[in-house]
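Enquirer: In case you want the letters, here they are:
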Amino acid sequence: MDQHPLRQTPVSKTLMVSSIIFIALLLAGGGLFLFNANKIRRNILLGKDIDRKDNFSERMKTMILVAFGQKKMFTRPVPALLHLFLYVAFVITQIELIEIVIDGIAGTHRVFRPSLGGFYTFMVSLIEVLSVLAFIGTIFFLARRNLLKVPRLVHNDLTGWPKLDANYILLGEITLICFIFMMNGADEVLYARGASHAENLGDGSLGLAISSHIGPMLFGGMSDTGLHIVERIGWWGHIMMVFGFLNYLVLSKHLHILLAFPNTFYSNLKPKGEFTNMASVTNEVKAIFDPSFTPPPADPNVPMRFGAKDVTDLTWKQLLDAYTCTECGRCTSSCPANTTGKLLSPRKIMMSTRDRLEEVGKNMDANKGEFKDDGKALLGDYITPEELWACTSCNACVQECPVNIDPLSIIVEMRRYMVMEQSAAPTELNGMFTNIENNGAPWQFAQADRLNWKNE
Amino acid sequence: MDSTQPSSITNQPLSVPTMADYMAKGESPEILFWVGCSGSFDDRAKKITKAIVKILNHANVKFAVLGTEESCTGDPAKRAGNEFLFQMQAMNNITVLNGYEVKKIVTGCPHCFNTLKNEYPALGGNYEVVHHTQLLQDLLNTGRIKIEGGDFKGKKITFHDPCYLGRANDVYEAPRSVMINLDAELVEMKRSKANGFCCGAGGAQMFKEAEKGNKEVNIERSEEALATNPDVIAVGCPFCNTMMTDGVKHFNKEQQVKVLDVAELIAQAKDL
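Protein sequence lines, in the order shown, are assigned to chains E and F.
Heads up, our numbering is the position in the first sequence plus 305, with the first residue counted as 1.
Heads up, our numbering is the position in the second sequence plus 52, with the first residue counted as 1.
Read the hints as simulated data drawn from the structure, not as lab findings.
Watch out, some of these pointers could steer you wrong.
[As the list claims (entries may be wrong)] Residues from chain E that face chain F, not an exhaustive set, calculated with beta carbons under 10 Å:
#1 A671
#2 F750
#3 N757
[Claimed, not checked] Below are the PhoX-like pairs computed for lysine-lysine, each with C-alpha atoms no more than 20 Å apart in a straight line:
#4 K155(F) / K114(F)
#5 K667(E) / K344(E)
#6 K681(E) / K614(E)
#7 K759(E) / K242(F)
#8 K759(E) / K102(F)
#9 K575(E) / K208(F)
#10 K99(F) / K759(E)
#11 K759(E) / K301(F)
#12 K99(F) / K301(F)
#13 K677(E) / K344(E)
#14 K614(E) / K667(E)
#15 K208(F) / K245(F)
#16 K377(E) / K99(F)
#17 K207(F) / K310(F)
#18 K376(E) / K245(F)
#19 K310(F) / K208(F)
#20 K353(E) / K376(E)
#21 K377(E) / K245(F)
[Claimed, not checked] Chain E residues, not near chain F, derived (Cβ > 10 Å throughout):
#22 A514
#23 I534
#24 E579
#25 G666
#26 G680
#27 R755
Every residue, glycine too, gets a C-beta built ideally from N, C-alpha and C.
Bound conformation, chain F alone (with noise of 0.2 Å):
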């Protein structure tokens, strides 16, 4: 645990407080926190969404989530070929954020990320969007959040890079400089950055089975990140959480190697 921490901080209930609540106060938060629907209905991710409360309620963000009000942003729809679909979502959903006068989101989903930052303001939804991740360096690097080292000390960690967060806006940096205060060893496998590989979820894949082939890809890049010899595969992503879990499994190394959000990793270093 770290010492320069009161010990009550730690396994307090978490503070959840929605929108609706906020404006019941006559007040509003600095963010909205979009959870999405893995992290909202996924056993693992929902693991994910609450060590970002942690995270949140440690550094005293002033932070909501939309609760019950929330939906699909319609990703995998328009990622699919459902582009009436998307546009629903989306109007929906720009509708509720917009009556909130949402100014900034952080979201827990590359996905989710993507699409509200770059193809809702064409559709009258404009907010200042980051991911995770963004978030994380960004209270790190204002002192609102303090690691010295923890639980991963010494420890091996590989990031995989999620398509939409990488490639797909050119966010490289952000996972790991705030890993960097983990004092692990972060080690990159043969394809990082934007030369990435996939881990096969996304373009809405992870709701159908994938076309005949002679592997799968999960398989290939947790085959490639196990070849780093890693104590931690770091992940951005419930769907790339999935996939690389599943892999690891494959492998039967689930023993020996823990897959772990980039939050979690936080959360756990912070004994939070």
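Just chain E, with the same shape it has in the complex (with noise of 0.2 Å):
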């Protein structure tokens, strides 16, 4: 067989340049996706504390079943099978990408067939088959999107970036798909032909499960030259495309992937029915019960408010889930109040504190990292009282979503705000106030009436 032309270069400078490329590269994309997430992490810490640190045992095990184990995904089973062959082929790829990674930089191919040997063989033909899986789960999602128009996937909390930004992904998905078998695919033919530009060239065909059949197929007409370029065109195809995900991600919606493990981790693990007691309202209370009672002293760098007007207002686990959103709409399609036709959406107030949280940071860059008064908040600019009012409490939201994000504790917090530090409940509920005030009872009825119904 004829030499290969890429042989006949110098290899050590061919690969020299490779190399030098790839580490430019691996540093590049590695390091602007550092930098973006350290700012969502500063902006996630923006959030007030509230103490997530307890029960590590129970939080491990929250975690495993959750976000790993995704147990509340199988509610929906359709989905939620499609989402799993996404799901594995991404974890199990990770693997196939630390020898990319040692290739890209030490100019190697394939570096660790010759010491696995079969079991090399069947790594890679495990991660063929999860990507076939993947590839028709993505096809089943894009037409579950654009052609069946599942209402939660085509509601209107999604128009403009929202949407796009889901199909953006999922075409992204399959064009990495398709790199990964234009790579394996060539490189088959190559090595049946003997040609191939590992320097262990060794016993013929790398015997994939998928690559083995289409590779022949799709490439085998081709010269040795021409297979050689599709299968780098697959390689760098691939790894960009990896650099280029890892950086899209602190962009969208996508984060979920990471952090839905730290966002599962400090779940809420106290009965959904628990509403905080705000500590700040018990020391006021005590001091009315109990005048020789005095407060702990206030943190002076914490302005004194009750409830959430914007985004600061909330905790660091409630900004968290903000960005843990990934918009899959179960929370509104399950909402007593969205699927009857009020404003109120789940998603979208987590979508909006994401928005609002963003632009804070943003500001933070543009001011040396300190908020300048934009005179916007989160309630009024992005989240309405009209929405925070439909809302039954009823737990539908949190009990729906597969990453355990609470909706309903960021609605609570914000009505907080707007009863205690604006007086502007509905009419209706300052009544209903008043009556608790003067008769213990939501209505009009004395106290001194409340065992009468003994001898009705």
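Join the two chains into one complex using the hints; note that each chain is given alone, in its own frame.
Expert: Now the structure itself:
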């Protein structure tokens, strides 16, 4: 067989050039990701503190079941299965990524193959099978959004960027999988011909589950040179997509693939019906009941405000929730207010929280890390009172969320601000408050009549 | 009528001692029955309260009510965002409850249940709190009440999960296991248990007009309940009762379909 043209150039020089390009891309891609990820971390930590470090074992269990085991996805089996294909393919492909990075830096080719032998063939074959399943899943997902128009995926929460965002990532996924099969398919033919640019040609075909069949089918008629070009396009395309994806993540709604883990770990472990008791209020109430009670000194760095007007009034967990949301809309599709045509959408609560937080973050970036008042707030500019007052606090959104996001807690914090800071409750609710204050019941009945039913 | 029961037990006047009565005698009851505002004042809910009392009397449960010393738990204020009013109510109630050294509470309402059980402890009110369907389950399990069929034998019953009993506190089995004793056909709605659909009254919605939409939440839910062709829509919450009753009326089905609390089902089955 002819010597391959690439081999005629001095090997070390070609390798050096490609290795330098690869290392530069790796540093740039990784560095930019870390730079942006750190900004997200800073934004999340703008939230108020809340203790979620207790009960480590229960938290690990929740994370393993809900994030790793996708437990809550399976209440809707069809999308759960399709999502599982993508998820498992994504996780297992990371193993191959290690090889790609080593090959890229060292200029080797399939560096693990000689030492792993049959196990290597098995692993890469497994990745191929999962990639095909992920490909099928992705096609279904595109169809569900664009052809079948599943209500929660064409909901008016998602007009504009969110809709494009969802489609971009799915198209990217398909492109990535195509690159994988270009790389493996062309390489199969090269190996079979003994013409691979690997140092250790050895024993003919790679024997990969999918590529050993589709490789010869698609690329069998090509010259060695052509195959090498296809293989390299696949290899570089694959890794470029990975770097691209990593950096697209931080700009898109797809952070759930990383944040699902901390977000479920820091889940609320208490009964869903238990709302927080505001400590600041407890101090005031205790002072009323017991004049000798001295409240602990307030933290001078935290502005004294009841409830939430803006994102910085929320806790870091609520802000982490916002970044973790992948806009699947299970919450909104189960929300009694939304399904009966009210303005409230728990998904939109999360999207608005994230949008406002991003805006606050950009404001800080533009002002040397200090937030300059922009006259805007989460309440009013992003979320309206009409949305907040439509909530029945039924917890369906919290129950549904596959990554344990709690939209209800944000709604309640904002109601607290409207009631306790603005006195802006709906008139009927003010009447209810007055009744409880005066009669100990939400209606106008005297407390003295509370046992009258006994004799009626 | 249950033939195993002496007829003298029926239509007896209700025995409803108060905590103050017990204290005057130097005794304490095994459980406090927290009646709640609906159970005290709402005409429909008062019937549920009486059904619970009849069962407690029948099972010889030593219970008491607070009577005029009871006050709103603060639930609707808290859900509406008035934390200050909630905590004022809570502190007042805790003072009364702790004054009587209350250990165990049964509520006729899942909202009172949730608030007393989950939100009072941090404010100094620590009690064992059960919903009345859990107490009924316990009375049946321990043989303190027995039911063999009765009025609802062969009838079709569907149970509407109250949000504050179900999702909020993961209690799904107690009401169902109680109703199994009725020898009725229990059918589930399309959305039930953890996926149950709200009646529309929670989160202080009971006390205000709904926001603009294309349907009322209780109509949506009643439609779903009626789709099971039930004889009875069983509920465990006075608010759900109101909402589902209105919904059934909206569809002109009030002659065919009854909306009854689990406690009423048991009391009626025993002809109490």
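Enquirer: Please check whether A671(E) passes as an interface residue: C-beta within 10 Å of a C-beta belonging to chain F.
Expert: Nearest chain F Cβ about 34 Å off; hint violated.
Enquirer: Decide if the proposed pair is consistent with the structure: K208(F) and K245(F), CA atoms, cutoff 20 Å inclusive.
Expert: With Cα atoms ~18 Å apart, K208(F) and K245(F) stay inside 20 Å; holds.
Enquirer: Checking one constraint from the list: CA of K310(F) to CA of K208(F), max 20 Å. Satisfied?
Expert: Given that 20 Å is the threshold and the Cα spacing comes to 11 Å, the pair holds.
Enquirer: Should the label of E579(E) as a non-interface residue stand, given a Cβ cut-off of 10 Å to chain F?
Expert: violated (4 Å)
Enquirer: According to the definition I'm using, a residue is off the interface if its beta carbon is farther than 10 Å from all beta carbons of the partner; does A514(E) meet that for chain F?
Expert: For A514(E), whose nearest Cβ neighbour in chain F is about 39 Å away, the distance exceeds 10 Å, so it holds.
Enquirer: CA of K99(F) to CA of K301(F), is that 20 Å or under?
Expert: The given pair, whose Cα atoms are some 19 Å apart, holds under the 20 Å limit.
Enquirer: Verify the proposed pairing of K614(E) with K667(E), using a straight-line Cα cut of 20 Å.
Expert: The given pair, whose Cα atoms are some 19 Å apart, holds under the 20 Å limit.
Enquirer: Per the CB criterion, is F750(E) less than 10 Å away from chain F?
Expert: This interface hint holds because 5 Å falls under the 10 Å limit.
Enquirer: Are K155(F) and K114(F) close enough, with their CA atoms no more than 20 Å apart?
Expert: Status holds; Cα separation ~13 Å.
Enquirer: Can you confirm whether the C-alpha distance between K677(E) and K344(E) stays at or below 20 Å?
Expert: With Cα atoms ~17 Å apart, K677(E) and K344(E) stay inside 20 Å; holds.
Enquirer: Hinted pair, alpha-carbon criterion (20 Å max): K377(E), K245(F). Please report holds or violated.
Expert: holds (15 Å)
Enquirer: Compare the distance between the alpha carbons of K667(E) and K344(E) with 20 Å, and conclude whether the hinted pair is satisfied.
Expert: holds (9 Å)
In the structure shown, a violation is registered for the earlier hints numbered 1, 7, 9, 11, 16, 20, 24 and 27, in ascending order.
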